[in-house]
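Protein chains in written order, with my numbering: chain A, 113 to 423; chain B, 33 to 262.
Please note that a few of the clues may not be correct.
Going by beta-carbon spacing under 7 Å, a handful of chain B positions derived as facing chain A [as the list claims (entries may be wrong)]: (1) His54; (2) Asn71; (3) Gly72; (4) His91; (5) Asn110; (6) Ser131; (7) Ser150; (8) Ser151; (9) Gly185.
Simulated from the structure, these hints should not be mistaken for lab results.
Just so you know, even glycine gets a beta-carbon here, dropped at the ideal spot from N, CA and C.
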Amino acid sequence: MCGIVGLLIRRPELRTSLGQLAVPMLDCMGDRGPDSAGLAVFENPLDAPALRFSLYWPGGGADWDALLEQHRQVAGGDVTLDANADNGLLTSPVSPVAVVEWLEREWPGVDLLSVGSCIRLFKDEGHPRDIASRYGFESLAGTHLVGHTRMATESMVSPAHAHPFTAGEDFCLVHNGSLSNPNSVRRRLQRRGIVFQTDNDTEAGCRYLEWRMREGDSLEEAIEASFGELDGFFTFLMATAEKMVLVRDAFACKPAVVAETDDYVAVGSEFRALAHLPGVAEADVYEPSPQTIYSWAVVDAAATQTAAVVS
Amino acid sequence: MSDTRDFDLAETSVRELNQFLHAELPGSEVTRINVQNPNGQHSIGAGLDCPVEVEIHGHAGYFIAGMNKQARVTVNGNVGWSVGENMMSGEVRVKGHASESAGASAHGGLLVIDGDASSRCGISLKGGNVVVAGDVGHFSAFMAQAGTMVVCGNAGANLGDSLYEAVIYVGGSIDSLGADAREEPMEASDVETLRGLLAEANLEGDAESFRRVGSARSLYHWNAEAHQEY
Chain A
113 MCGIVGLLIR RPELRTSLGQ LAVPMLDCMG DRGPDSAGLA VFENPLDAPA LRFSLYWPGG
173 GADWDALLEQ HRQVAGGDVT LDANADNGLL TSPVSPVAVV EWLEREWPGV DLLSVGSCIR
233 LFKDEGHPRD IASRYGFESL AGTHLVGHTR MATESMVSPA HAHPFTAGED FCLVHNGSLS
293 NPNSVRRRLQ RRGIVFQTDN DTEAGCRYLE WRMREGDSLE EAIEASFGEL DGFFTFLMAT
353 AEKMVLVRDA FACKPAVVAE TDDYVAVGSE FRALAHLPGV AEADVYEPSP QTIYSWAVVD
413 AAATQTAAVV S
Chain B
33 MSDTRDFDLA ETSVRELNQF LHAELPGSEV TRINVQNPNG QHSIGAGLDC PVEVEIHGHA
93 GYFIAGMNKQ ARVTVNGNVG WSVGENMMSG EVRVKGHASE SAGASAHGGL LVIDGDASSR
153 CGISLKGGNV VVAGDVGHFS AFMAQAGTMV VCGNAGANLG DSLYEAVIYV GGSIDSLGAD
213 AREEPMEASD VETLRGLLAE ANLEGDAESF RRVGSARSLY HWNAEAHQEY
């Protein structure tokens, strides 16, 4: 079954409440997906060349201080680490390729969940409520987030098989549904040298879209192309640094509800995931149409502040 | 004697509400139920079987008033999937929009959607009447066997696919007809039926401007030479 949630803040003052608003959404959608969960939160971009690297160090043996100390020596510069249980956010000017090599060489037990200027990713096994509390989702701040609660139907339950899936930088996807041709999509991408971490169908969809974007498509163009390539049932919710994007397949048998106000855009598999949001009773609540791309841009906080000062 | 009972689903569970509706309500003095804070919860008022007025204030979830008998249920908001599913009699009215499979498999009664209904509205209809003031999504009235569906707005793709003996009246445009569905002439009896349903649903509409869609009945018998092309 699975549940998806998304929240994009339009009123910048609400950004500090992003996690607080989103936790009940995930908790509620735990009814649709109790075996694992994940969340990708987007914050303001870092100054280049610094990037955020989300790390997952399962097993409770994490010695984050040692990892940070050693990375500082490798990087030779400005490095920070925000560790939270098994999840750590490393910010570093080292290139993604070099970080991957360093992790494989020095810290083989640590998985790299996401890379980007804005994205931080969490995912783990267990009930979404417990995962939210384990990683302190309530205190997360940012411009937008997407989350997922999983009821596995087509590949194993593991943190790596939980959503969101990522590919490239600052791109992630959560999926309610199942693809029927992930194996052929994966084989075609593998022949192009694209590396997969799991046998999960959603990872195939995620890497297909990211490959199209690297070939020059916009996300919307990549989705248009995917209509002819990805076969199956899906409600896809995606995020980049600039936007949150939703699409349902032509049959639209996997649900989604959108609530829009001046303050936010919220997406959930069901309305009850949104029922606690402030002002939702007056929100524009609608069901997205099949095979139609919905794209909501992140409001530029800096621009908003500047405009406020000028006026 | 008439009596009203109020339930606040922020404080009472749907299970407690439905247990009251099933066990204590029939034969009691209560003729009216108000339900506050539905908050998208599922199965509110499912399995009603007595002449009572139920009003739900806010957006509700899946299977609202499913299997309804006799009761009049009104939702002042949107509903999720399968409102009035397998309804036997009575009336269910949604003042907002309905998600997928509204009125699925309804055997009797009247379902009215004041807004739009999404895909598969009236799927497998078995004798109930479904009246939608707005539009319906794709594959509406799929395999509908008996009863009537009225769409005052526009119908999405594949309307009436694999239709049996149910009849559809459409006031607006039709994206496409499904396999074996065909447009048929509006007879005087159709206009009369439609006027009756619009009046019952308390909706305006020029019955003579509607189109009738029925089954061509070519799928009733298997044709091996059709090679699955219909």
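Contradicted hints - numbers only: 1, 9
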